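J.: Sequence:
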Amino acid sequence: MGYFYASTQTDMRTLQLPHNFAGFISYSGLGIGDVSYSLGISEFPEETGIYTNEYLNGFFEVVDDGSGNPDIDGYVSSIVNYVYLQNYFGPPIYTSFWQMGGINIDISQYKSAESDFDILSYMLSDSDNIGGSAGDDQLYGFAGDDSISGYYGNDKLFGGAGTDTIFGGWGNDMLDGGGDDDYLYGEGGNDTLIGGEGNDTLDGGIGADRMTGGLGDDTYYVDNAGDIAIEKTGQGTDSVISSVTYTLKGQYIENLELVGEADINATGNKLANTIIGNSGDNIINGMLGADFMSGGDGNDTYYVDNVGDVVAEYGYNDHDVVNSTVSYSLEGFYAEDLNLLGTKMINGTGNELANALVGNGVGNILNGKGGNDTLTGGAGADRFVFDTDLGPNNIDTITDFYAPADSIRLDADIFVGLTAGALILESQFKDMGTGLVDADDRIL
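The sequence shown: position 277 = 277 (full-length UniProt numbering), numbered continuously.
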């Protein structure tokens, strides 16, 4: 059983029934009396008195219940599988129906004035298509896989059970998916989206939207800096796909992906996040937790604060920077620069590229690995390590070596021509201003 509520005087309603529909539709007044007309629809032979492919017309009237309101005349007709209800005068009308299949409800305006409707498609056995009006509608799908559209106005749309698709239209709408895996699209306005149970997809559309996925593995689409995606702990593994700068802080959302070409940024939370950048220049900060961060194309900047953080850069054509408060290595991926931050004694390791490694002002161990690297220890007693095969593409430069605080460690397996021990003899060094470089020189 269900009903919809028409609040205006001269509006047309449309109930579009499937071809296999069999049931009964009755009309009753709200607070004024009973409507004297009812219409039955059947797919069975002529002895039932009605065919679905025939014109079925009849007038109805509202009986005055003593409230002082005038009698109401109206008209109802059925053409094939369409039933039209028009209220010519007076009070609102409730329309009730009982049916055995899916039903399509489309509210179309008979005049240009905005109208408000409540539509309830209750305990339907199949899928329903329900459309609103230019007013502030309340539309209910209940059972079945429903498609609900609010159109204009500030609507309240409820999917109920089933895998529902709900469109808010223009206006500040509330969309509630209910159970199962729903798709909620707010469209225009500042909307409120509630996924409920199931693996829901929530897209607020234009405007600053508030989206709550609830239970299940939910996906949020964000396109406004004012959009809010809300998840509580223990409600599944959730993802945000954003075309604007976005942060997961304060929410229990695991994944964040940036889309588009704009230079936008992404911030994680205390969980182990997966954060993916777009083709622009991104700043990615995983925050607490062991995060996986991959900027994609563009010159990206990363912030690392957990030894379990992974910065995954795969391209040679960009220039990427990692800023870390823990010991970190660039090996295995294609980030170029590593800056050590904070006040702890931590270490930095490069990769096969030409890296720039910068210490944090405390005592750091810097190892450029392959490539022509630039090593800057900063203040503190720093150690510079060289343990990769020598060659013209592996020439490192120390920018701030200060004896005796700083030191150089040469791997014996690489520098086989040197005798193990400290480099303390004057003959082991060469004055670059006066001495000529030859093949025996390793440290200049």
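Just so you know, not all the hints are guaranteed correct.
Restricting the straight-line Cα-Cα distance to at most 27 Å, the calculated cross-link-like pairs of lysine-lysine (DSSO-like) are [said to hold, decoys possible]:
1. Lys156 / Lys232
2. Lys232 / Lys344
3. Lys156 / Lys270
4. Lys249 / Lys270
5. Lys232 / Lys249
6. Lys270 / Lys232
These are calculated hints, taken from the structure and not from any lab test.
As the structure is a computational prediction, the values presented were derived from the model and not from experiment.
J.: Work down the list of hints and note, for each, if the structure agrees.
T.: Structure-based check of all given hints:
Distance restraint check for Lys156 and Lys232: the Cα-Cα separation of roughly 24 Å lies within the 27 Å cut-off, and the hinted pair is therefore satisfied. Restraint check: the Cα-Cα separation between Lys232 and Lys344 comes to about 34 Å, which exceeds 27 Å; the hinted pair is violated. Proposed proximity of Lys156 and Lys270 is contradicted: the alpha carbons are some 34 Å apart, above 27 Å. Pair hint Lys249 plus Lys270 holds up; C-alpha atoms about 8 Å apart against a cutoff of 27 Å.
The straight-line distance between the Cα atoms of Lys232 and Lys249 is roughly 12 Å, inside the 27 Å bound, and the hint therefore holds. For the proposed pair Lys270 and Lys232, the alpha carbon gap of about 13 Å is at most 27 Å, so the pair holds.
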